[in-house]
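Same order as they appear, the protein sequences are chains A and B.
So the first sequence is numbered by this note's numbering: it starts at 1 and just counts up by one.
So the second sequence is numbered by this note's numbering: it starts at 1 and just counts up by one.
Calculated from the structure, these hints are not laboratory results.
Treat the hints with care, since some could be wrong.
For identical chains, the list gives no copy identity; a pair is met inside one copy or between any two copies.
As the list claims (entries may be wrong) - Calculated pairs, SDA-like style, for lysine to any residue (alpha carbon to alpha carbon, straight line, at most 25 angstroms):
no.	residue 1	residue 2
1	K126	A162
2	K138	D61
3	K45	V154
4	K138	A162
5	K138	S166
6	K138	Q165
7	K45	K138
8	K4	Y80
9	K126	P81
10	K138	R83
11	K138	P163
12	K200	T78
13	K200	T2
14	K126	L33
15	K126	D204
16	K4	A79
17	K138	V160
18	K4	L216
Note that the structure is a prediction, hence the values are computed from the model and not measured.
2 protein chains.
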Amino acid sequence: MTLKLFEVGGADDAFRPSPYCWRTRMALAHKGLAFEPVPWRAVEKDRIARSGGGIVPVLVDGDFWLNESWDIAVHLETAYPDRPSLFDGDGDRAKARFLDAWITGTVHGLIFRAVVRDQVPLLAEKDQAYYRERTLRKFGLSLDDIGADPDTAVEELDRVLAPLQSVLDEVPYLGGSRPTYGDYIVFGAFQWARVASRRKLYADDSPVARWFARLLAAFDGFAAAQPGRDHWE
Amino acid sequence: MTLKLFEVGGADDAFRPSPYCWRTRMALAHKGLAFEPVPWRAVEKDRIARSGGGIVPVLVDGDFWLNESWDIAVHLETAYPDRPSLFDGDGDRAKARFLDAWITGTVHGLIFRAVVRDQVPLLAEKDQAYYRERTLRKFGLSLDDIGADPDTAVEELDRVLAPLQSVLDEVPYLGGSRPTYGDYIVFGAFQWARVASRRKLYADDSPVARWFARLLAAFDGFAAAQPGRDHWE
């Protein structure tokens with residue numbers, strides 16, 4: 001029985017910008033689980049209604065329809081215990097959850113400001129209208145306002161990423177000598193940026209850049225096979 | 001052979017404000033290692049010269065004189081492998097190092113702004129002059145300037161601590177079901193604040209407050225035995 005993964009797609013079916021979906025993709029690759037990718041548009045709430053929510057990733061595993069990337073990771077860990085573990089014990093798992101809250105609350109907002117201008121034209125047309133309306137309602141700002149000063153966002157990001165640069169200067173992965181789910185939580189943010197924009201978020205020779213390159217190459221180049229921004233232009 | 005720990009003391013020998021020294025104190029308690037606490041003043045560089053640096057904590061373990069709290073934790077882990085481990089595997093350890101960089105680079109500065117005004121009068125007189133001079137040289141600001149608006153610092157801290165509140169709402173410790181060294185890295189910051197100031201940094205019923213209370217009570221109340229701000233007034 002094949003796993004199915006509903007993910008944000010764009011105007012092009014193969015476009016995959018969502019950082020949360022990338023967490024799940026990498027978790028599936030880590031576990032060596034094949035899956036059928038299902039491109040989905042943000043307005044298509046009915047297609048994922050069985051998950052109990054209106055957001056993706058949604059993983060369909062037999063009778064289970066799961067949303068929330070963290071809950072999906074926990075499910076994969078429980079349902080496939082004989083596959084490589086996504087967590088290196090309890091301490092690794094608790095701190096991965098910290099990284100989740102940290103990157104979602106701090107880093108994602110800055111990447112959003114840095115790449116949204118480049119990303120919007122690549123979304124499906126019906127989703128562009130949806131995101132414009134939702135952003136205005138949620139933040140009281142238009143997408144254009146939020147994306148108006150990407151350079152300042154990148155400068156702020158440079159400061160916010162300092163602890164990440166620091167630890168990855170000492171160890172190859174946030175999981176230590178090999179990646180665990182915490183790595184994929186952080187990876188998702190930069191993969192989103194890579195797919196949506198040409199903008200540089202960190203120096204090419206920085207520890208984060210080298211770590212990102214290692215994860216792009218992992219699992220026989222699974223994440224590298226996703227075309228970067230150049231491809232969509 | 002007794003371990004010796006050089007630590008920042010104050011006008012009163014028993015005053016122990018340093019967050020870095022608290023990391024080491026908690027690591028020693030975790031490992032069940034007795035130690036002789038040696039109060040030290042920041043101007044007394046000659047007393048710790050054998051450590052190769054001018055800062056504490058300095059742990060003296062036989063012929064080893066070690067400084068830097070992280071290096072001391074790694075030493076304890078290597079030198080006392082039969083004692084309870086400070087790290088729950090490689091992933092826990094790598095992420096503890098992330099927490100180290102995060103809290104030192106983000107949280108400490110805000111706590112400094114929140115508590116320095118209360119703390120300075122409790123330091124040894126010769127250290128007060130030293131810190132005033134060093135702060136001016138390092139930041140181009142006087143201690144009075146840095147401590148001029150503690151309320152704003154506490155407000156900023158509230159935002160910065162959000163990921164910590166979030167994870168500790170789900171798990172009792174950053175180590176999962178039991179504390180590991182990453183917990184002590186974070187604990188040190190709040191113990192510093194508790195010892196130096198009456199100022200509230202988070203709500204009493206928040207997850208961080210409940211986690212902090214658990215760590216104060218750990219090891220038969222080892223950290224709770226350190227008098228809080230009230231004691232010094």
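Against the structure, the hints:
Proximity of K126 to A162 under the C-alpha cut-off of 25 angstroms is found in neither arrangement, the shortest distances being 38 angstroms within a copy and 34 angstroms between copies. Taking identical chains as interchangeable, the C-alpha atoms of K138 and D61 are never at most 25 angstroms apart, the minima being 32 angstroms within one chain and 57 angstroms between chains. Taking CA atoms no more than 25 angstroms apart as the test, K45 paired with V154 passes in neither setting, with 33 angstroms inside one copy and 41 angstroms between copies. Taking the shortest Cα distances, K138 and A162 sit within 25 angstroms of each other only across copies (19 angstroms), while inside one copy they are farther apart (29 angstroms).
When the C-alpha separation of K138 and S166 is checked against a cutoff of 25 angstroms, the pair qualifies only between copies, where the shortest distance is 21 angstroms, while the shortest distance within a copy is 34 angstroms. Taking the closest pair of Cα atoms, K138 and Q165 come within 25 angstroms of each other only across two copies (23 angstroms); inside a single copy the shortest separation is 32 angstroms, beyond that limit. For a Cα distance limit of 25 angstroms, the shortest separation of K45 from K138 inside one copy, 18 angstroms, qualifies, whereas the shortest one across copies, 55 angstroms, does not. Taking the closest pair of Cα atoms, K4 and Y80 come within 25 angstroms of each other only inside a single copy of the chain (15 angstroms); across copies the shortest separation is 48 angstroms, beyond that limit.
In this assembly of identical chains, the alpha carbons of K126 and P81 never lie at most 25 angstroms apart, being 40 angstroms within a copy and 60 angstroms across copies at closest. Taking the closest pair of Cα atoms, K138 and R83 never come within 25 angstroms of each other, the shortest separation being 40 angstroms inside a single copy and 51 angstroms across copies. Only between protomers do K138 and P163 lie at most 25 angstroms apart by alpha-carbon distance; the minimum there is 21 angstroms, versus 29 angstroms within a single protomer. In this homomeric assembly, K200 and T78 never come within 25 angstroms of each other (Cα to Cα): the closest approach is 37 angstroms inside a single copy and 40 angstroms across copies.
For the identical chains of this complex, K200 and T2 are neighbours neither inside a copy (37 angstroms) nor across copies (53 angstroms), given an alpha-carbon limit of 25 angstroms. Proximity of K126 to L33 under the C-alpha cut-off of 25 angstroms is found in neither arrangement, the shortest distances being 32 angstroms within a copy and 64 angstroms between copies. Proximity of K126 to D204 under the C-alpha cut-off of 25 angstroms is found in neither arrangement, the shortest distances being 35 angstroms within a copy and 46 angstroms between copies. In this homomeric assembly, K4 and A79 come within 25 angstroms of each other (Cα to Cα) only inside a single copy, at 15 angstroms, whereas the closest approach across copies is 49 angstroms.
Taking CA atoms no more than 25 angstroms apart as the test, K138 paired with V160 passes in both settings, with 24 angstroms inside one copy and 21 angstroms between copies. For the homomeric pair K4 and L216, the shortest alpha-carbon distance inside one copy (22 angstroms) is at most 25 angstroms, but the shortest distance between copies (47 angstroms) is not.
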